[in-house]
Amino acid sequence: MRKWRVEDSSELYNVEGWGIGYFGVNKDGNVTVMPHRDPEKAIAIKDILDELSLKDVSCPVLLRFPEILDERIETISKCFKNASSEYNFSGNYYTVYPVKVNQQRPVVEEIVRYGQKFNIGLEAGSKPELH
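If you want our numbering, it's the position in the sequence shown, counting the first as 1, plus 140.
Hint data in this document are derived by calculation from the structure and do not stem from the laboratory.
All of these numbers come straight from a predicted model, not from anything done at the bench.
Be careful, since some hints might not be right.
Quick list of in silico lysine-lysine cross-link-like pairs, DSS-like style, CA-CA up to 27 Å [said to hold, decoys possible]: (1) Lys240 - Lys267; (2) Lys195 - Lys181; (3) Lys218 - Lys181.
DEER-style ranges, computed between Cβ atoms [what the hints assert, rightly or not]: (4) Lys167 - Asn259: 35 to 45 Å; (5) Tyr227 - Ser198: 46 to 56 Å; (6) Lys181 - Asn154: 17 to 27 Å; (7) Leu202 - Lys267: 22 to 32 Å; (8) Leu270 - Glu147: 40 to 50 Å; (9) Arg145 - Phe229: 39 to 49 Å; (10) Glu191 - Tyr153: 15 to 25 Å.
Virtual Cβ for every residue (Gly too), placed ideally from N, Cα, C.
Construct all of the structure, not just a fragment, from the sequences and the given hints.
Structural data, given as structure tokens:
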């Protein structure tokens, strides 16, 4: 039986499949986050949790990476712009974020803030979703 390798963890948890360049596994076997998809700037989530522990913050904690939201907004906007050009689409297009996907205020506020330059809108099925 061979020794377990970091690559085995990455493959087992399919990090490349769901992490789309924002998450990985480092040489120590720890999950890393790369908010700008730059492996040189990867941060081990364990290091973040260790730092929080020194400040008497215990798990569970919720970590947010607004840079990832921002890049995803840019990506979807650029993709539609490119497709519009390629297929000579001259109509109007508005990206709409369905609030029910994630109603957390900081997430919605970041989408509204960064999404302004891309004309991002919000969709809510009911008034309580907006509170």
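Here's how the hints hold up against the structure:
1. Lys240 - Lys267: holds, 11 Å
2. Lys195 - Lys181: holds, 23 Å
3. Lys218 - Lys181: Cα-Cα ~24 Å, so holds.
4. Lys167 - Asn259: 35 to 45 Å: At roughly 42 Å between Cβ atoms, Asn259 and Lys167 fall inside 35 to 45 Å, so the hint holds.
5. Tyr227 - Ser198: 46 to 56 Å: holds, 52 Å
6. Lys181 - Asn154: 17 to 27 Å: holds, 23 Å
7. Leu202 - Lys267: 22 to 32 Å: Since the Cβ atoms of Leu202 and Lys267 sit about 25 Å apart, the hinted range of 22 to 32 Å holds.
8. Leu270 - Glu147: 40 to 50 Å: Roughly 45 Å apart at Cβ, these two residues keep to the hinted range, so it holds.
9. Arg145 - Phe229: 39 to 49 Å: Given a distance of about 47 Å, which is inside 39 to 49 Å, the answer is holds.
10. Glu191 - Tyr153: 15 to 25 Å: holds, 23 Å
In the structure shown, no violation is registered for any of the earlier numbered hints.
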